[in-house]
Amino acid sequence: MDFNFMSASIPLYIKAAKMTLDLAVWGILSSLIIGFICALIGYYKIKILDKIVRIYIELSRNTPLLIQLFFLYYGLAKLGIKLEAYTCAILGLAFLGGSYMSEAFRAGLEAVSKIQIESGLSIGLTRWQLTRYIILPQAFAVAVPALGANAIFLLKETSVVSAIALADLMFVAKDLIGMYYKTTEALVLLVLAYLILLLPISIFLTYIERRVRHAGVGN
Amino acid sequence: MAKQSNEKVLEVRHLNKKYGETVVLPDFNFEVQRGEVVVLLGPSGCGKSTFLRCLNGLEEIQAGEIKLNGQIINADATKWHVVRQKIGMVFQSYDLFPHMTILENILLGPIKAQGRDRLEVLQQAEKLLERVGLLDKKEAYPSQLSGGQKQRIAIIRALCMNPEIMLFDEVTASLDPEMVREVLDVMLELAQAGMTMVIVTHEMGFAKAAADRVIFIDQGQIIEEATPELFFTSPKSERAKKFLNIFKFNEQVS
Amino acid sequence: MQAWGISVLFEGQNLFRLVDGLSVSIRIAAVSIAFSAVFGILLGVLMTSRYRLIRYICRFYLEAIRIIPTLVWLFLFYFSLTKILHFHLSAEFASDIVFSLWGTAEMGDLVRGAITSMPKHQMDSGFAIGLTKLQVYRYIVIPQALRRLIPSAINLATRMIKTTSLVVLIGVVEVLKVGQQIIEVSILKTPTASFWVYGCIFFLYFIICYPVSLFSKKLETKWQQ
Chain A
1050 MDFNFMSASI PLYIKAAKMT LDLAVWGILS SLIIGFICAL IGYYKIKILD KIVRIYIELS
1110 RNTPLLIQLF FLYYGLAKLG IKLEAYTCAI LGLAFLGGSY MSEAFRAGLE AVSKIQIESG
1170 LSIGLTRWQL TRYIILPQAF AVAVPALGAN AIFLLKETSV VSAIALADLM FVAKDLIGMY
1230 YKTTEALVLL VLAYLILLLP ISIFLTYIER RVRHAGVGN
Chain B
6 MAKQSNEKVL EVRHLNKKYG ETVVLPDFNF EVQRGEVVVL LGPSGCGKST FLRCLNGLEE
66 IQAGEIKLNG QIINADATKW HVVRQKIGMV FQSYDLFPHM TILENILLGP IKAQGRDRLE
126 VLQQAEKLLE RVGLLDKKEA YPSQLSGGQK QRIAIIRALC MNPEIMLFDE VTASLDPEMV
186 REVLDVMLEL AQAGMTMVIV THEMGFAKAA ADRVIFIDQG QIIEEATPEL FFTSPKSERA
246 KKFLNIFKFN EQVS
Chain C
155 MQAWGISVLF EGQNLFRLVD GLSVSIRIAA VSIAFSAVFG ILLGVLMTSR YRLIRYICRF
215 YLEAIRIIPT LVWLFLFYFS LTKILHFHLS AEFASDIVFS LWGTAEMGDL VRGAITSMPK
275 HQMDSGFAIG LTKLQVYRYI VIPQALRRLI PSAINLATRM IKTTSLVVLI GVVEVLKVGQ
335 QIIEVSILKT PTASFWVYGC IFFLYFIICY PVSLFSKKLE TKWQQ
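Protein chains in written order, with this note's numbering: chain A, 1050 to 1268; chain B, 6 to 259; chain C, 155 to 379.
Think of the hints as simulated: they come from the structure by calculation, not from any bench. Careful: at least some of the hints might be erroneous.
Stated by the list, open to error - Dumping the calculated EDC-like pairs for lysine to aspartate or glutamate here, alpha-carbon to alpha-carbon at most 16 Å: (1) LYS84(B) x GLU109(B); (2) LYS371(C) x GLU1152(A); (3) LYS237(C) x ASP1051(A); (4) LYS1231(A) x ASP1051(A); (5) LYS1163(A) x GLU64(B).
If we strip away everything but chain A, and leave its shape as in the complex, we get (with noise of 0.2 Å):
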C-alpha cells in the first residue's frame, strides 16, 4: 500500500464526508419531519389524507434509492423540472427515510395501550392535551430505537447519491480509482471514513437502547 498516496488524499476524504453528512443530516432531518407527520395521520386515521399516506409509504418502501433518485434527478429534469443534484439526494433519503420514519412513530403509537389512552381521558384531558402529554412521550420513548436504526441506514444509503454526480465519499473513493488506479488504498480509506462516521452512532444508539428498554415504559 502507498501511505504516501493515503495521507495525501485524507484532505479528499475529509472534504467528502463533509457532503455525506451534510446529506445524511438533512435526509434524516427531512424523514423525520414527514415520518412524523405520516405517522400522526395514519394514526389519526384523518380522512383521504391517510389514504394517500399508505400509497406514499408502499411506493417508497418498494422502491430502490437509485431508482428514486435516477427518476428524480434525469427523469423529472426532462419534464422541465430540474433540479440540483444536491437538491435531489436529499429529496430521495427524505422519500425514501419518510416511510421508514413513519413506520417507526406509527409502531410506538400503537404501543401506547389503551388503557393509558382511557386514563387520561378520564382526567379530564382533550385530545391534544392527552396527545401532548400522555400518547407523543410514550410512543417516542419506544420508538427510538428504531429511528436510531433507521437514521444509520439512511446515512450508508448516502453512499448511493454518487450515482448522481455528488461529490460524496463514494464518489471520492470512485474518483481516485479512476484517475490513479490506487484501489486498494482509496477502498481501504473509504471504510475506515465510514467507520469512522458510523461507528460512534451505532455504539451509541446501543446505549440509548438499553436505556429505554431499562426505562420499562409501556410496560
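Starting from the known structure of chain A, fit chains B and C onto it as the hints suggest.
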C-alpha cells in the same frame, strides 16, 4: 349510614349499549344519591364494567340518558373532557403514566385539564399522599412502586380533581392478595368521609363493609337491589344465591 | 412528439429489454436469497450457541457486514479482491458473493431473534408432557420460530431485491443500464424518454416488491393472533 342526602348526583334512564349486534345493556336504570356508596356485583361479563365505562363516555351508548347533577351529559354537544373532570375513575390495571413521576401523574389533570393553580394543587396532592402514606414516593416513577401503591396513587390522582363521584372498576382484581387490603382501606376511608362512589368489585367482605346499597347484575340487567345486610344474608333471586354460593366456596377454599 | 413520450417504452423491444435487464438483478437476488436462507439459518443457530467465543465471532461478522454500506462492499469485492487475488471476478459474480454475505448476516440475526424470543416455559411445558428434546423442537420450537421468522425473512428478500439495483454501479448490465442505453438511442426523437424509462423502472420494481411485502404483512397479521 345516614350520611347521604336526597340529592341525586347521577341518574341513568333507559341506557342501551350494544357492541354491533350484541346487546350488553338492554335497558339500564340507575341512580346514586350524594354521599352514597353503591357496589355493583355480578358474574364476569354481566356488563357491570361496561356500565361504568359508559358513565364517563369511554363507551358510546346507543340510547338513553345520563344525568350528572341533573344535567344531561350524553348529548352530542357534550364536552366529555369537561364532564370527566367531575367523574373520577380508577381502573383494574395499573394505569399510572409510566413516563411521569408520581407527583406529575397527580398534577397533570388538575393543572392541564382544569387549569388550576399549581401551588394550590401541589398542597392538595401532598396532603392526599400523606393520608395514604406515600408522600415519600412523590418523586418516584410508577415502575418503582408495588401494585398496591400504584392503585392508591391512581385513586389519589382521581381524587385530586375534586370529582363529584368516583367510579372504581375492579381496582383490586389484578393485585397480589397481600396488597388488596391497603387499597380497600383507602376506599373504605373515602366512603366514610362521604364520597359518592360506584364500585365494581369481587371483594365480598369489602362490599359488606362499605356499601350502602348493593346491586346484583346479570346479563346486563339488574336482578336484585338491596342493602348489603339483606343481600348477603337473604338474597331473593336464584341467580344471586348461586353467585354468592360460588364465592362462599372460594372463601372456604382459600 | 413530447406528449407521446411514453411510446418510447413500446418501440421495438424496449419494454422487453427492460424486463430482461431487471431479470439480471433479480437473478442475483435469487441466488443470494437462496444462499442466505441456508447459511443464515446456520449462522442464527450458531448465534445462540452455548459457547461465548462462537457467539462473539458471529456477532462480529454481523456487525462488520452491517456497518459498511452495501455499495462499499460491492466495490471492495469487485475492485480490491480482484487486485489482491490476481484473478478477475466478474461484476455479477462479485455481486452474488456480496449479497449472499450480507443476506446471511441479516438472516442470521432474524433466525437468532426467532429462536431467543421463544419463552422458556414453552419448552418446559413440552418436556413436562413427556416429549423428547427432538420432539420439543419438532412440535413446539420450530413451528413457533418459523411463524416469527417467515414474515421478516420475506421482508428481507424484498430488501435484497431492491438493493441489487446497486450492481449497475460496478458495471453489471441490468435494468438501469439498459434504460440508459434506450434513453441514449431515443433522446433525439423523444426528449422525455428518461422520464418514461426511469418511471417505468420505478414501477417495475414496485410491482415486484409490493405483492411480496403485502404477502409478508398478511402472514404476519395472520400469525400474530
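Going through the hints against the structure:
no.: 1; hint: LYS84(B) x GLU109(B); in the structure: violated, 24 Å
no.: 2; hint: LYS371(C) x GLU1152(A); in the structure: holds, 13 Å
no.: 3; hint: LYS237(C) x ASP1051(A); in the structure: holds, 14 Å
no.: 4; hint: LYS1231(A) x ASP1051(A); in the structure: holds, 8 Å
no.: 5; hint: LYS1163(A) x GLU64(B); in the structure: holds, 13 Å
Violated hint: 1 only; the structure is consistent with all others.
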